[in-house]
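Trainee: Put together the whole structure using the sequences plus the hints.
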Amino acid sequence: MLKDLPKPRRGAIFYEDNKLYATLASYPITKGHVVVVWKKKVSDLHLLNKREYEHLMDVVDAVRNALLKVLKVKKVYLVYADEAKHVHWHLVPRYNVKGFNILEEKPKKLKDVSLARKLKKNLRMM
Numbered sequence: 000m001l002k003d004l005p006k007p008r009r010g011a012i013f014y015e016d017n018k019l020y021a022t023l024a025s026y027p028i029t030k031g032h033v034v035v036v037w038k039k040k041v042s043d044l045h046l047l048n049k050r051e052y053e054h055l056m057d058v059v060d061a062v063r064n065a066l067l068k069v070l071k072v073k074k075v076y077l078v079y080a081d082e083a084k085h086v087h088w089h090l091v092p093r094y095n096v097k098g099f100n101i102l103e104e105k106p107k108k109l110k111d112v113s114l115a116r117k118l119k120k121n122l123r124m125m
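The sequence shown stops at residue 125 when you use numbering that gives the first Met the number 0, and every number in between is there.
These are calculated hints, taken from the structure and not from any lab test.
Just to be clear, a hint being listed does not mean it is correct.
Stated by the list, open to error - Across the chosen pairs, the derived CB separations fall in these ranges:
hint: 1; residue 1: Ser113; residue 2: Asn48; range: 32 to 40 Å
hint: 2; residue 1: Lys49; residue 2: Arg116; range: 30 to 38 Å
hint: 3; residue 1: Asp111; residue 2: Leu46; range: 29 to 37 Å
hint: 4; residue 1: Leu46; residue 2: Lys6; range: 19 to 27 Å
hint: 5; residue 1: Asp57; residue 2: Ile101; range: 18 to 26 Å
Claimed, not checked - Restricting the straight-line Cα-Cα distance to at most 25 Å, the calculated cross-link-like pairs of lysine to any residue (SDA-like) are:
hint: 6; residue 1: Lys119; residue 2: Glu51
hint: 7; residue 1: Lys71; residue 2: Met124
hint: 8; residue 1: Lys30; residue 2: Val72
hint: 9; residue 1: Lys105; residue 2: Thr29
hint: 10; residue 1: Lys40; residue 2: Leu67
hint: 11; residue 1: Lys74; residue 2: Leu109
hint: 12; residue 1: Lys119; residue 2: Ser25
hint: 13; residue 1: Lys30; residue 2: Ala61
hint: 14; residue 1: Lys107; residue 2: Lys117
hint: 15; residue 1: Lys119; residue 2: Ile28
hint: 16; residue 1: Lys38; residue 2: Lys120
hint: 17; residue 1: Lys30; residue 2: Glu104
hint: 18; residue 1: Lys74; residue 2: Leu122
hint: 19; residue 1: Lys18; residue 2: Glu51
hint: 20; residue 1: Lys40; residue 2: Met124
hint: 21; residue 1: Lys117; residue 2: Arg93
hint: 22; residue 1: Lys105; residue 2: Asn95
Being a predicted model, the structure only gives us computed values, none of them experimental.
Backbone N, C-alpha and C fix where the C-beta goes; we use that ideal spot for every residue, glycine too.
Mentor: Following this line, the structure appears as structure tokens:
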């Protein structure tokens, strides 16, 4: 795996191709927090060519749709931050909890990867 990002827990990766993978977050903010990671070391989105960017966003969209269906939430936040200097998107399900603030949530270590199987089953790629 990539040395600048946490290694996914075994069984947490539910989609992978030659360009990227989608995995349950190692330290999720909420249940169903997913990370879509570009495999090749690329420090920022603008460095992807159009075809690569479109592929990345197609996968992000498919993962978002699977999360909406499986978790029965109405919204999934897409979070792009570049502290790791490596292209990756966080998809964070928004549960109907009063006062939820994505930036103030305390991540906890992932313990159960069973959601990965459900997401894989419901993932509809183009």
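Trainee: It remains to establish, for every hint, whether it holds in the given structure.
Mentor: Here's how the hints hold up against the structure:
1. In this structure the supplied range 32 to 40 Å holds for Ser113 paired with Asn48, their Cβ-Cβ distance being about 36 Å.
2. A C-beta distance of roughly 33 Å is found between Lys49 and Arg116, which places it inside the suggested range of 30 to 38 Å.
3. The beta-carbon spacing between Asp111 and Leu46, approximately 35 Å, falls within the hinted interval of 29 to 37 Å.
4. Checked against the hint of 19 to 27 Å, the C-beta distance between Leu46 and Lys6 comes to roughly 24 Å, which is consistent with it.
5. For Asp57 and Ile101, the hinted distance range of 18 to 26 Å is satisfied, since their beta carbons lie about 24 Å from each other.
6. Our distance criterion of 25 Å between C-alpha atoms is met by Lys119 and Glu51, whose separation comes to about 22 Å.
7. The suggested pairing of Lys71 with Met124 holds, with an alpha-carbon distance near 19 Å, which does not exceed 25 Å.
8. Our distance criterion of 25 Å between C-alpha atoms is met by Lys30 and Val72, whose separation comes to about 11 Å.
9. At most 25 Å may separate the alpha-carbon atoms for a hinted pair to count; Lys105 and Thr29 meet this at roughly 9 Å.
10. A distance of roughly 29 Å separates the Cα atoms of Lys40 and Leu67; the hinted pair therefore is violated under the 25 Å criterion.
11. Distance hint between Lys74 and Leu109 is fulfilled; the C-alpha atoms sit about 21 Å from each other, no more than 25 Å.
12. The straight-line distance between the Cα atoms of Lys119 and Ser25 is roughly 17 Å, inside the 25 Å bound, and the hint therefore holds.
13. Distance check on the hinted pair: Lys30 and Ala61 sit about 18 Å apart at the alpha-carbon level, within 25 Å; holds.
14. For the hint pairing Lys107 with Lys117, the CA-to-CA distance comes to about 21 Å; that is within 25 Å, so the pair holds.
15. Restraint check: the Cα-Cα separation between Lys119 and Ile28 comes to about 20 Å, which is no more than 25 Å; the hinted pair holds.
16. About 23 Å separates the Cα atoms of Lys38 and Lys120, which keeps this hinted pair within 25 Å; it holds.
17. For the hint linking Lys30 to Glu104, the alpha-carbon distance of about 12 Å falls within 25 Å, and the restraint holds.
18. The straight-line distance between the Cα atoms of Lys74 and Leu122 is roughly 17 Å, inside the 25 Å bound, and the hint therefore holds.
19. For the given pair, Lys18 sits about 8 Å from Glu51 by alpha-carbon distance, which is consistent with the 25 Å threshold.
20. Restraint check: the Cα-Cα separation between Lys40 and Met124 comes to about 24 Å, which is no more than 25 Å; the hinted pair holds.
21. Taken as a hint, the Lys117 and Arg93 pair is honoured in the structure, with Cα atoms around 18 Å apart against an allowance of 25 Å.
22. A threshold of 25 Å between alpha carbons decides the hint, and for Lys105 with Asn95 the separation of about 17 Å falls inside it, so the pair holds.
Comparing the model with each numbered hint stated earlier shows that hint 10 is the single one that does not hold.
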